[in-house]
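K.L.:
Throw the hints in and build the complete structure from the sequences for me.
Those sequence lines, one after another, are chains A and B. Counting in UniProt numbering, the first sequence runs from 1 upward without gaps. Counting in UniProt numbering, the second sequence runs from 1 upward without gaps.
Don't read these hints as lab results, they were simulated from the structure. The beta carbon of each residue, even a glycine, is placed where N, CA and C say it ideally should be. Errors might be hidden in some of the hints.
Over the 10 Å line for every Cβ pair with chain A, so calculated as not near, a few chain B residues [stated by the list, open to error]:
(1) ASP108
(2) GLY160
(3) GLY266
(4) VAL296
Below, in silico cross-link-like pairs of lysine-lysine (BS3-like), each with a Cα-Cα straight-line distance of 25 Å or less [stated by the list, open to error]:
(5) LYS187(B) <-> LYS239(A)
(6) LYS239(B) <-> LYS168(A)
(7) LYS69(B) <-> LYS51(B)
Protein chains: 2
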Amino acid sequence: MPKKLTKGFQKGDIRPFLVEGEQVGLVKADVIKQLQRYPEIFCIRNCEFTKQGIVELNPAFRDYAERTKQVDIVLRDLRSKGIFSALQGWRDEYYEVKSEYRSLLKMDRSATPLFGVRKYGVDINGYVQHPTQGLCIWLQQRSNTKETWPGKWDNMVGGGLSVGYGIKETAIKEAAEEASIPSDLVKNLVSAGCVSFFFESEQGLFPNTEYVFDLELPLDFVPQNADGEVQAFELLPAKECVERVFTPDFKTTSCPVVIDFLIRHGYITPENEVHFTQIIELLHVPLQSLYTYKSVLEQKQKLKQQNQSQQQSHLANNIKTIENGHNNKDATINN
Amino acid sequence: MPKKLTKGFQKGDIRPFLVEGEQVGLVKADVIKQLQRYPEIFCIRNCEFTKQGIVELNPAFRDYAERTKQVDIVLRDLRSKGIFSALQGWRDEYYEVKSEYRSLLKMDRSATPLFGVRKYGVDINGYVQHPTQGLCIWLQQRSNTKETWPGKWDNMVGGGLSVGYGIKETAIKEAAEEASIPSDLVKNLVSAGCVSFFFESEQGLFPNTEYVFDLELPLDFVPQNADGEVQAFELLPAKECVERVFTPDFKTTSCPVVIDFLIRHGYITPENEVHFTQIIELLHVPLQSLYTYKSVLEQKQKLKQQNQSQQQSHLANNIKTIENGHNNKDATINN
Chain A
1 MPKKLTKGFQ KGDIRPFLVE GEQVGLVKAD VIKQLQRYPE IFCIRNCEFT KQGIVELNPA
61 FRDYAERTKQ VDIVLRDLRS KGIFSALQGW RDEYYEVKSE YRSLLKMDRS ATPLFGVRKY
121 GVDINGYVQH PTQGLCIWLQ QRSNTKETWP GKWDNMVGGG LSVGYGIKET AIKEAAEEAS
181 IPSDLVKNLV SAGCVSFFFE SEQGLFPNTE YVFDLELPLD FVPQNADGEV QAFELLPAKE
241 CVERVFTPDF KTTSCPVVID FLIRHGYITP ENEVHFTQII ELLHVPLQSL YTYKSVLEQK
301 QKLKQQNQSQ QQSHLANNIK TIENGHNNKD ATINN
Chain B
1 MPKKLTKGFQ KGDIRPFLVE GEQVGLVKAD VIKQLQRYPE IFCIRNCEFT KQGIVELNPA
61 FRDYAERTKQ VDIVLRDLRS KGIFSALQGW RDEYYEVKSE YRSLLKMDRS ATPLFGVRKY
121 GVDINGYVQH PTQGLCIWLQ QRSNTKETWP GKWDNMVGGG LSVGYGIKET AIKEAAEEAS
181 IPSDLVKNLV SAGCVSFFFE SEQGLFPNTE YVFDLELPLD FVPQNADGEV QAFELLPAKE
241 CVERVFTPDF KTTSCPVVID FLIRHGYITP ENEVHFTQII ELLHVPLQSL YTYKSVLEQK
301 QKLKQQNQSQ QQSHLANNIK TIENGHNNKD ATINN
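P.N.:
As structure tokens, this is what we get:
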């Protein structure tokens with residue numbers, strides 16, 4: 001799926017990033033090298049239980065606010081040194097860094113690929129059922145001045161999930177900003193699932209999950225950009241849309257959303273696509289399986305405790321045997 | 001997801017089942033024990049490259065027909081001995097046993113769980129958009145005389161993919177047999193993807209992929225069974241459908257289809273379901289990752305060849321060094 005894979009994703013290259021004992025990211029060797037300069041903020045060591053190299057945020061930091069502040073200091077310093085191209089896209093827009101159930105800190109969105117933090121976004125598939133052309137899909141062409149993927153074709157509406165905004169709320173906000181979709185149309189938005197994929201580029205790691213929404217639009221509606229982030233909209237019949245998706249002019253990380261849409265709406269079928277089931281599996285890669293450090297650790301610790309208690313009970317048995325052998329007389333005497 | 005997990009799925013318990021060098025299944029220890037009685041048909045050994053225990057169909061069998069015949073002999077013998085309860089549900093209905101790109105043999109559907117063969121089926125979500133009750137879903141109650149899951153609630157229409165039938169063809173056939181859906185309605189069938197899951201019961205292993213179809217029905221249409229396999233149909237509002245799915249009265253392996261439908265149609269959303277992304281990942285488990293024996297083997301063989309050629313070139317270098325040391329004079333003489 002990734003069009004632009006600068007280097008193979010090799011297990012040994014990448015270490016879990018831990019905050020408060022929970023894995024929230026994946027850090028590659030080039031980033032680790034830089035983080036070593038900040039030993040008061042990042043601890044880089046081998047885990048005594050898993051024997052695995054880990055990158056840990058200093059556990060002395062008290063809370064969400066302090067963790068956010070300390071990481072931000074490092075990121076701004078790295079940015080000023082011009083080390084990572086990713087940080088040149090600094091946004092002053094924060095993404096949550098979350099474990100399974102809680103937010104642990106927030107981080108500028110430009111930095112999340114350096115830490116392999118799971119990124120969440122929303123996408124709206126705007127479509128019409130055309131009387132002669134059948135299923136047609138609205139695409140946007142991104143502005144040439146956008147930080148990421150300038151000039152590329154993309155879904156009608158999309159955006160990252162920033163701190164403080166809900167999922168549907170983000171979809172509605174982006175629908176207004178990017179495509180001027182009025183509230184009487186946006187009320188027809190249908191939540192339709194999510195796609196998950198893992199993308200790697202020179203910017204870093206993108207373990208992305210996109211919440212997808214479908215929006216059927218009237219034939220006469222034409223999206224209009226309101227925030228300067230879109231240079232054009234185009235309505236394409238499904239067939240042409242598929243062709244566009246497979247050109248280099250399409251934003252790579254938006255392809256899964258279109259493909260998922262075309263599968264759910266009966267355009268790509270098991271009859272016309274020989275890799276149908278494999279594609280659907282790849283549109284939903286189990287990203288959660290990449291963030292399992294804590295559960296592995298707990299298993300290892302449990303095993304060690306079991307071994308210890310077995311050894312102790314073995315020792316206790318030995319002692320008992322010795323006592324039975326050597327102290328029987330004393331016992332008899334004491335009785 | 002599985003309601004009925006008789007025993008944990010442990011890696012070490014299960015061996016790849018190979019036909020013509022390609023992994024097509026997974027075999028548990030209790031089945032291996034029985035297959036050992038048929039050494040001319042099944043070879044149970046350790047792979048010299050992967051060091052893994054494997055179950056292999058005798059590679060001497062020439063073709064699809066002979067492989068099918070030989071396996072059938074074993075299955076009928078095991079059935080007559082009453083060893084596996086799965087085989088008591090013998091159907092005289094064949095499923096394909098396929099590697100990624102080709103069919104290698106066919107096997108009675110009752111036996112496929114014993115060999116952990118990937119099973120494919122179709123399911124139709126029949127639904128109506130009710131003016132007052134909103135999204136409503138047709139469910140069927142299976143006949144009490146069905147071999148599998150008698151009396152359980154199930155999707156409106158469903159069935160396994162038998163040898164000789166296409167995917168959409170099976171959906172249309174089952175729609176007629178199970179629910180008497182006429183051709184003018186069935187033409188609205190929309191292919192909507194697939195769900196994949198791994199289920200284990202006392203019958204064996206079920207690495208299942210269900211191709212799902214949606215069918216919006218008119219408000220006044222009532223399904224009628226035609227083949228005696230259904231005892232009732234009921235139209236339930238989405239909310240009650242979810243409740244039904246989580247009772248023991250619902251066929252476990254049909255739950256993923258309903259949940260996927262409710263996600264795709266905006267009833268289960270990231271707003272009302274905290275485990276939204278995890279559930280979607282679990283509805284699409286990467287089953288293909290369980291059938292990787294051939295690629296692992298090829299990797300190991302390649303590695304061995306590389307090592308050998310390195311050793312050979314090392315040896316060649318040594319010989320050259322020796323020749324340079326010892327034979328220089330001879331060379332000079334010969335010159």
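K.L.:
Give a verdict on every hint.
P.N.:
Cross-check of the supplied hints:
1. ASP108: Correct as stated: the minimum Cβ-Cβ distance to chain A is 23 Å, above 10 Å.
2. GLY160: holds (15 Å)
3. GLY266: violated (4 Å)
4. VAL296: holds (15 Å)
5. LYS187(B) <-> LYS239(A): Holds: LYS187(B) and LYS239(A) sit about 21 Å apart, inside 25 Å.
6. LYS239(B) <-> LYS168(A): holds (21 Å)
7. LYS69(B) <-> LYS51(B): violated (30 Å)
In summary, the numbered hints that this structure violates are 3 and 7.
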